[in-house]
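From first to last, the protein sequence lines are chains A and B. Using our numbering, read the first sequence as starting at 1 and increasing by one per residue. Using our numbering, read the second sequence as starting at 1 and increasing by one per residue.
Because the hints were derived from the structure by calculation, they are not lab data. Where is the CB? At the ideal position from N, CA and C, for every residue including glycine. Honestly, I wouldn't trust all of these hints.
[Unchecked claim] Label pairs and their in silico Cβ distance ranges:
#, chain 1, residue 1, chain 2, residue 2, range
1, A, Val-209, B, Phe-16, 17 to 25 Å
2, A, Met-1, B, Glu-18, 45 to 53 Å
3, A, Glu-12, B, Leu-14, 49 to 57 Å
4, B, Thr-52, A, Arg-88, 48 to 56 Å
5, A, Arg-178, B, Ile-49, 40 to 48 Å
6, B, Lys-5, A, Arg-178, 20 to 28 Å
7, A, Arg-38, B, Lys-81, 40 to 48 Å
8, A, Glu-179, B, Glu-38, 44 to 52 Å
9, A, Lys-48, B, Thr-52, 37 to 45 Å
The lines below spell out each chain.
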Amino acid sequence: MYYDFFVKIGDEEEVDKAVVFLKKHGFVGACFFRKLPRNFPDKFRVLKGVELVANSLKELKNKLKRSHGNFIVLKSKNYSLTKVACQRALVDAVNVVKINDVIARFASLTKVSLLVDFNLILKSKGNRRSKILAKLSKSCEIAQKKGMPIIIGSGATNFYELRALSNLLAFSKFLGIREYKKPFYFAQREIIRREEAKEKGKYIMPGVVVE
Amino acid sequence: MIREKKRYVLVEVLSFGEVEINEVLRSLKKEFLNFLGEKDFGKAKLRVIQATNKFVIFRVSHRFVDELKVCLSLMREVNNKFINLAVIYVSGSLKKLRKVLKEKGWS
Numbered sequence: 001m002y003y004d005f006f007v008k009i010g011d012e013e014e015v016d017k018a019v020v021f022l023k024k025h026g027f028v029g030a031c032f033f034r035k036l037p038r039n040f041p042d043k044f045r046v047l048k049g050v051e052l053v054a055n056s057l058k059e060l061k062n063k064l065k066r067s068h069g070n071f072i073v074l075k076s077k078n079y080s081l082t083k084v085a086c087q088r089a090l091v092d093a094v095n096v097v098k099i100n101d102v103i104a105r106f107a108s109l110t111k112v113s114l115l116v117d118f119n120l121i122l123k124s125k126g127n128r129r130s131k132i133l134a135k136l137s138k139s140c141e142i143a144q145k146k147g148m149p150i151i152i153g154s155g156a157t158n159f160y161e162l163r164a165l166s167n168l169l170a171f172s173k174f175l176g177i178r179e180y181k182k183p184f185y186f187a188q189r190e191i192i193r194r195e196e197a198k199e200k201g202k203y204i205m206p207g208v209v210v211e
Numbered sequence: 001m002i003r004e005k006k007r008y009v010l011v012e013v014l015s016f017g018e019v020e021i022n023e024v025l026r027s028l029k030k031e032f033l034n035f036l037g038e039k040d041f042g043k044a045k046l047r048v049i050q051a052t053n054k055f056v057i058f059r060v061s062h063r064f065v066d067e068l069k070v071c072l073s074l075m076r077e078v079n080n081k082f083i084n085l086a087v088i089y090v091s092g093s094l095k096k097l098r099k100v101l102k103e104k105g106w107s
């Protein structure tokens with residue numbers, strides 16, 4: 001039922017090990033951004049993610065044309081680009097630390113999620129870590145207030161950076177998310193449903209699916 | 001005085017190469033103190049019940065279980081070796097935890 005939607009492991013052997021670890025520690029699926037696993041159990045759902053780093057709308061649109069993935073994430077320091085991406089639903093999620101009410105409101109209407117990267121906190125130390133945690137807590141508070149979906153992912157770049165479900169659930173509680181289990185299944189389920197419809201050729205456009 | 005409730009937390013230790021378990025516990029204590037601050041660190045009453053290279057059993061106040069889990073997640077490396085501390089089970093009694101240990105074949 002729970003998914004880790006942000007795994008960035010680049011090594012092929014480690015990816016296979018990661019699937020075993022994730023399955024053992026409570027996840028039923030994952031989204032891999034660099035290498036896809038070769039062998040995985042039938043009941044374990046694997047998706048391909050794409051992280052786009054862009055600083056202008058033109059650059060983002062160009063990259064969107066070229067990228068093919070099940071789950072598209074935007075990482076940008078440009079506030080107006082993040083806002084436009086949320087407003088027009090250009091991506092599935094935005095990987096930013098700080099959001100405001102405007103972005104959250106647009107994102108709640110278009111169902112663009114706020115992606116919380118755990119690895120960012122893991123790799124930071126001291127003052128920087130506390131600042132990131134404070135900003136993330138504030139962003140999660142705003143997202144909840146406006147109804148923007150939240151996704152929490154481990155963001156692991158190697159096997160040892162993966163985290164068990166219970167650890168990430170505690171982190172979700174720590175961020176002040178009231179429905180602390182929701183970031184691990186809610187938006188993910190919608191994306192999986194959409195991708196299944198795409199595979200069957202039933203998906204026309206956002207909001208239109210042939211039954 | 002009301003008796004305080006406690007929780008036993010079973011943690012799996014995964015590391016890249018051999019890591020001294022005492023080193024892991026020392027850095028965890030440091031990290032926990034850093035994370036909670038001196039005031040709450042005392043209240044948490046963190047104790048190590050059993051520690052091997054495969055697993056560790058912690059005892060902690062029931063109010064600080066989530067904080068301990070977050071702190072375990074924030075541990076990345078010890079002595080420049082990658083480490084992953086995954087929470088397997090949380091129980092109110094040691095007896096139940098020992099059963100889980102038996103199921104895993106760790107006892």
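The hints, checked one at a time:
Remark: the range hint 17 to 25 Å for Val-209 of chain A to Phe-16 of chain B is contradicted by a beta-carbon distance near 45 Å. For the pair Met-1 of chain A and Glu-18 of chain B, the supplied restraint of 45 to 53 Å is violated, since their beta-carbon distance comes to about 36 Å. Against the hinted window of 49 to 57 Å, the Cβ-Cβ separation of Glu-12 of chain A and Leu-14 of chain B comes to about 19 Å, which falls outside the hint. With their beta carbons about 54 Å apart, Thr-52 of chain B and Arg-88 of chain A fall inside the hinted range of 48 to 56 Å.
Range check, Arg-178 of chain A to Ile-49 of chain B: about 33 Å between beta-carbon atoms, so the 40 to 48 Å window is missed. Between Lys-5 of chain B and Arg-178 of chain A the beta carbons are some 24 Å apart, a value that agrees with the proposed interval 20 to 28 Å. Distance hint check for Arg-38 of chain A and Lys-81 of chain B: the Cβ-Cβ separation is about 27 Å, which falls outside the suggested range of 40 to 48 Å. A C-beta distance of roughly 33 Å is found between Glu-179 of chain A and Glu-38 of chain B, which places it outside the suggested range of 44 to 52 Å.
A hinted range of 37 to 45 Å holds for the C-beta pair Lys-48 of chain A and Thr-52 of chain B, which are about 39 Å apart.
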